[in-house]
Every structure is written in structure tokens, then in C-alpha cells.
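Trainee: For reference, the chains in residue letters:
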Amino acid sequence: GENVEQHPSTLSVQEGDSAVIKCTYSDSASNYFPWYKQELGKGPQLIIDIRSNVGEKKDQRIAVTLNKTAKHFSLHITETQPEDSAVYFCAAQKGGRRALTFGSGTRLQVQP
Amino acid sequence: GAVVSQHPSRVICKSGTSVKIECRSLDFQATTMFWYRQFPKQSLMLMATSNEGSKATYEQGVEKDKFLINHASLTLSTLTVTSAHPEDSSFYICSASFRGHALNTGELFFGEGSRLTVL
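Residue numbers (the working numbering), protein chains in the order written: chain A, 1 to 112; chain B, 1001 to 1119.
Think of the hints as simulated: they come from the structure by calculation, not from any bench.
Note that the Cβ used here is the ideal one computed from N, Cα and C, for glycine as well.
Be aware that a few hints might be false.
[Stated by the list, open to error] Take a look, some chain B residues computed to stay more than 12 Å from chain A by CB distance:
hint, residue
1, 1013
2, 1018
3, 1067
4, 1070
5, 1119
[As the list claims (entries may be wrong)] Straight-line alpha carbon distances no greater than 27 Å define the calculated DSS-like cross-link-like pairs of lysine-lysine that follow:
hint, chain 1, residue 1, chain 2, residue 2
6, B, 1055, A, 94
7, A, 42, A, 22
8, A, 57, A, 42
9, A, 94, B, 1041
10, A, 71, B, 1041
11, B, 1041, B, 1064
12, A, 22, A, 71
13, A, 58, A, 68
14, B, 1020, B, 1066
15, A, 42, B, 1020
16, A, 37, A, 94
17, A, 57, A, 37
18, A, 22, A, 37
19, A, 57, A, 68
20, A, 71, A, 57
21, A, 94, B, 1064
22, A, 71, A, 94
23, A, 42, B, 1064
24, A, 22, A, 94
25, A, 58, A, 71
26, A, 94, A, 42
27, A, 58, A, 22
28, B, 1041, B, 1066
29, A, 37, A, 71
30, B, 1041, A, 37
31, B, 1041, A, 42
32, B, 1014, B, 1064
33, B, 1014, B, 1041
34, A, 22, B, 1041
35, B, 1014, B, 1066
36, B, 1064, B, 1020
37, A, 42, B, 1066
38, A, 42, B, 1014
One chain only, chain B, in its complex shape (with noise of 0.2 Å):
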């Protein structure tokens, strides 16, 4: 099946720094990559949707200027959390939909997630 990755799996900073984080999917075109946020214990809260090629759409409660997405190219999209405190630690995960799926039966493929700790 189609693969997404995810690096770093695991990040930890100082506050006040900033973090990227990449998913790439690895043997599909990904017009469209959703990013989820998951606390410990809690399921996947959806935090934005990034098309290649256009500004991400955020999902409300959601700062854009604080957690930057960037789709530069269909198999790659960014997720910077600029100057990072710890109640942005979570478990962070992409997840990609496959371009020109034939049936566009809406599967998602989804990365390992990244956990970020931020001190």
C-alpha cells in the first residue's frame, strides 16, 4: 500500500524554539495532506488541510501563524510550530490523499506521527 513518512519521530526543544516537521509520501502524488494533532489518551484532532501549491486551511481554534504548513510539492508538506511551549507538546500526524485514485474513495494514508516535547 502507499506509504506516508514522517520525520523527526520524536523532537524534543526548548521553549521559545520553533520545529519542523516533514511528511512525505513516499510512492504516490499527495494533492491533499491533512495534519492531526493527538494528546495523550485523546483521538486525532484534525488541525489543518494543506493543498499543494496554496495556503493551508485551518480548522478553528487553530493558530495559522503558529503552526505553519507549507505543500511546496505533491509528495512533500511542512509543519513548523514556531516558538514552541509546552502546551504544544502532542503527537503530531499526517496524513495524505493519494491523487487520482481511481475510485476516489476518500482512503487516507497516514504517517508514524512525530511526538514533540517541548521543555
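In isolation and in its complexed conformation, chain A is listed as follows (with noise of 0.2 Å):
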């Protein structure tokens, strides 16, 4: 099955600066890739997200980027701000209306 690797498991950041978080998988066939921030004792809430036929996405603050040949994508946040402070989670799908494997995740916190 599908196996799907996150790095780094913490960041640190000063307010203001960018953080970027690496995602890598494994099956070839997956196309869809969204990212998830979940804060305390709450579920994740989608973010942002790529699907294989593109390179790249920007919404505002936050883009994802996708190597289809490597097979890695990353999260990159901009100007980042206290309440960017979360756990984030890459996924990845193989075919739409099926379940998502999810990386270990990433604790971010955004020193102000």
C-alpha cells in the first residue's frame, strides 16, 4: 500500500519568517495530495491541496508544490503568524472517494 513519509516532526519559526515542510510517497498511481492543519484535540481541516496534473498551488500565505517524478511535495508558509501555530499533515490518495494515507505530521510553532 501506500506509504507516505513527513519531515520534518517539529519546526521552529520566528514570526514572520517562511516554514517549509517535506512530504515524500511511494505509490506512483496517487494523484491526489492535500495538506491538513489540526490544532489541540480538534479534527484536521483542509488547507490546501494538488492534485497530480499540477506543479504547483498558492492560496495567499500558503503553496504546495509537487514533484510527480520524485515523488515528494512540500508545504510552504510565508510570513507565518502565531496562529499558524499547529500540527500539519500531508496526505495522499489514489483515486478520488478513497481514503487518505497521512504523514507522521509536523509540529509548527511560530515564535512571536
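Put the two chains together into one complex, using the hints given.
Mentor: Written out as C-alpha cells, the structure reads:
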């Protein structure tokens, strides 16, 4: 089955700096790659996603890049703010309506 | 966006009792719902996939007789933890796939999770 690896496990940045989280996946048939933000005691919230026919997607301070050949994708957060502090999960999916396989998560701490 | 609601958000029970968690899609029909389990400071691990009107498909290592899943309608799936023990204490999260999504994009909507504590 699919295996998703995520790095780093923890990331601490100063407010205003950029943060980058990287994931790799194993199944070349995966074609959908969402990123979720999870705050303590809550369910994951989708923040951005990318599909395999696109190499990059941006939404304000958040961007995701995908390299299908290398089977890795990354989350970029610019101008970080303290409210960005949370655990971020990448995920991969092989086809619509199938379960997501999650990475191990990255705890992001933005220092004011 | 679509909303998935879970109830209860927190439950504490005694060892040996059974607990039911409900997952509802509030404004869309969900042909498929997924149940995940998350232990503290760990990732979400898929437990089972439930399709409306059919038996759930369980992941390897998940006991189907212990974690009963029912998906009786397009808006409701339930997870019952039978004869719960302290090691079943975890955060249980459901997600739903939107029926008839035009692009079949795969986007899944997550509930807020249910924290189970077994004493």
C-alpha cells in the first residue's frame, strides 16, 4: 500500500519567517495530495491540496509544490504568524473517494 | 463547505462497556465514510471504510467484532467500540466523501473527532 513520509517532525520559526514541510510518497498511482492543519483536540482542517496534473498551487501565504517524478510534495507557509502554530499533516490518495494515507505530522511552532 | 459532525466529542466510560460514536454529514450525502484513530502525538491511522448499505471494510489489524461500523443511511455512520478497554482510549475521527462530486476530486471532509477515555 501507500506509504507517506513527512519531515521534519517539529519545526520552530520566528514570526514572519517561512516554513517548509516536505513529504514523499511511495505509490506512483497516487494523484491527490492534500495538506491538513490540526489544532489540539480538533479534527484536521484542509488548508490546501494539489492534484497530479499540477506542479504548484498557491493560496495567499500557503503554497504546495509537487514533483511527480521524485514522488515528493512540499508545503510552504510564508510570513508565518503565531496562529499558524499547529500540527500539519500531508496525505496522499489514489483515486477519488478512497481513504487518505497520512504522513506522521509536523508540529509547527511560530515564535512571536 | 461541507460539514461533518461527530457526537459525542468526549466520552469517558468504564472498562467493559460499549460506546457508540456517530458521524453525520450535515449538508451532503456521503456514499463513503472513513474512520480513523489517532493516538496522542501520532498520525491518523485508517481503521475502516464504510459504504452505505454494505459491510465495512476493515484495515489489517483492526478487529471488526470489536469496532462495529454501521452506515445505514447516506448521512449517518456509527462506530461502536464494544467491551472497551483502556488501550482503546484514543481520538476517533470520521471523514466523508461527497456523493456525486462533479470532479470526483477525492476531497474528504473531516469531523471534529471524538475523544474516548476508558477507565
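Trainee: Are the hints correct? Go through all of them and say.
Mentor: Verification of the supplied hints:
Separation of residue 1013 (chain B) from chain A is adequate, the least Cβ-Cβ distance of about 18 Å exceeding the 12 Å criterion. Distance to chain A confirms residue 1018 (chain B) as a non-interface residue, since its nearest Cβ pair spans about 23 Å, more than 12 Å. Against chain A, the non-interface label of residue 1067 (chain B) holds: every CB pair exceeds 12 Å, the least being about 15 Å. The claim that residue 1070 (chain B) lies off the interface holds: its Cβ sits roughly 18 Å from the closest Cβ of chain A, which is beyond the 12 Å cut-off.
The Cβ of residue 1119 (chain B) sits about 19 Å from the closest Cβ of chain A, beyond the 12 Å cut-off, so the non-interface label holds. This hinted pair checks out: residue 1055 (chain B) and residue 94 (chain A) have alpha carbons roughly 22 Å apart, not beyond 27 Å. Pair hint residue 42 (chain A) plus residue 22 (chain A) holds up; C-alpha atoms about 23 Å apart against a cutoff of 27 Å. Note on residue 57 (chain A) and residue 42 (chain A): the hinted pairing holds, with a Cα-Cα distance of about 26 Å set against a maximum of 27 Å.
A distance of roughly 26 Å separates the Cα atoms of residue 94 (chain A) and residue 1041 (chain B); the hinted pair therefore holds under the 27 Å criterion. A C-alpha spacing of about 26 Å is found between residue 71 (chain A) and residue 1041 (chain B), which places the hinted pair at or below 27 Å, so the restraint holds. Between residue 1041 (chain B) and residue 1064 (chain B), the direct Cα distance comes to roughly 25 Å. Compliance with the 27 Å bound is thereby established for this hinted pair. For the hint linking residue 22 (chain A) to residue 71 (chain A), the alpha-carbon distance of about 11 Å falls within 27 Å, and the restraint holds.
At most 27 Å may separate the alpha-carbon atoms for a hinted pair to count; residue 58 (chain A) and residue 68 (chain A) meet this at roughly 18 Å. For the hint linking residue 1020 (chain B) to residue 1066 (chain B), the alpha-carbon distance of about 12 Å falls within 27 Å, and the restraint holds. For the suggested pair residue 42 (chain A) and residue 1020 (chain B), the alpha carbons sit about 19 Å apart, so the restraint of at most 27 Å is met. At roughly 21 Å between alpha-carbon atoms, residue 37 (chain A) and residue 94 (chain A) fall within 27 Å of each other, so this suggested pair holds.
Taking the CA atoms of residue 57 (chain A) and residue 37 (chain A), the gap is near 17 Å; set against the 27 Å cutoff, the hint holds. The hinted pair formed by residue 22 (chain A) and residue 37 (chain A) meets the criterion: a straight-line CA distance of about 14 Å does not exceed 27 Å. Simply put, residue 57 (chain A) and residue 68 (chain A) have alpha-carbon atoms about 14 Å apart, close enough for the 27 Å limit, and the pair holds. Taking the CA atoms of residue 71 (chain A) and residue 57 (chain A), the gap is near 16 Å; set against the 27 Å cutoff, the hint holds.
Straight-line distance between C-alpha atoms of residue 94 (chain A) and residue 1064 (chain B) comes to about 24 Å, which keeps the hinted pair within the 27 Å bound. In summary, the hint linking residue 71 (chain A) to residue 94 (chain A) is supported, as the alpha carbons are separated by about 13 Å, within the 27 Å threshold. Using a Cα cut-off of 27 Å, the hinted pair residue 42 (chain A) and residue 1064 (chain B) holds, with the two alpha carbons roughly 26 Å apart. Proposed proximity of residue 22 (chain A) and residue 94 (chain A) is supported: the alpha carbons are some 19 Å apart, at most 27 Å.
Taken as a hint, the residue 58 (chain A) and residue 71 (chain A) pair is honoured in the structure, with Cα atoms around 19 Å apart against an allowance of 27 Å. Distance check on the hinted pair: residue 94 (chain A) and residue 42 (chain A) sit about 26 Å apart at the alpha-carbon level, within 27 Å; holds. In summary, the hint linking residue 58 (chain A) to residue 22 (chain A) is supported, as the alpha carbons are separated by about 16 Å, within the 27 Å threshold. This hinted pair checks out: residue 1041 (chain B) and residue 1066 (chain B) have alpha carbons roughly 24 Å apart, not beyond 27 Å.
In summary, the hint linking residue 37 (chain A) to residue 71 (chain A) is supported, as the alpha carbons are separated by about 22 Å, within the 27 Å threshold. At most 27 Å may separate the alpha-carbon atoms for a hinted pair to count; residue 1041 (chain B) and residue 37 (chain A) meet this at roughly 14 Å. Under the criterion of a C-alpha separation no larger than 27 Å, the hint pairing residue 1041 (chain B) with residue 42 (chain A) is consistent with the structure, at around 13 Å. For the proposed pair residue 1014 (chain B) and residue 1064 (chain B), the alpha carbon gap of about 21 Å is at most 27 Å, so the pair holds.
Annotation: proposed proximity of residue 1014 (chain B) to residue 1041 (chain B) holds, straight-line Cα distance about 24 Å (limit 27 Å). Under the criterion of a C-alpha separation no larger than 27 Å, the hint pairing residue 22 (chain A) with residue 1041 (chain B) is consistent with the structure, at around 18 Å. For the suggested pair residue 1014 (chain B) and residue 1066 (chain B), the alpha carbons sit about 16 Å apart, so the restraint of at most 27 Å is met. For the given pair, residue 1064 (chain B) sits about 14 Å from residue 1020 (chain B) by alpha-carbon distance, which is consistent with the 27 Å threshold.
Between residue 42 (chain A) and residue 1066 (chain B), the direct Cα distance comes to roughly 25 Å. Compliance with the 27 Å bound is thereby established for this hinted pair. For the hint linking residue 42 (chain A) to residue 1014 (chain B), the alpha-carbon distance of about 24 Å falls within 27 Å, and the restraint holds.
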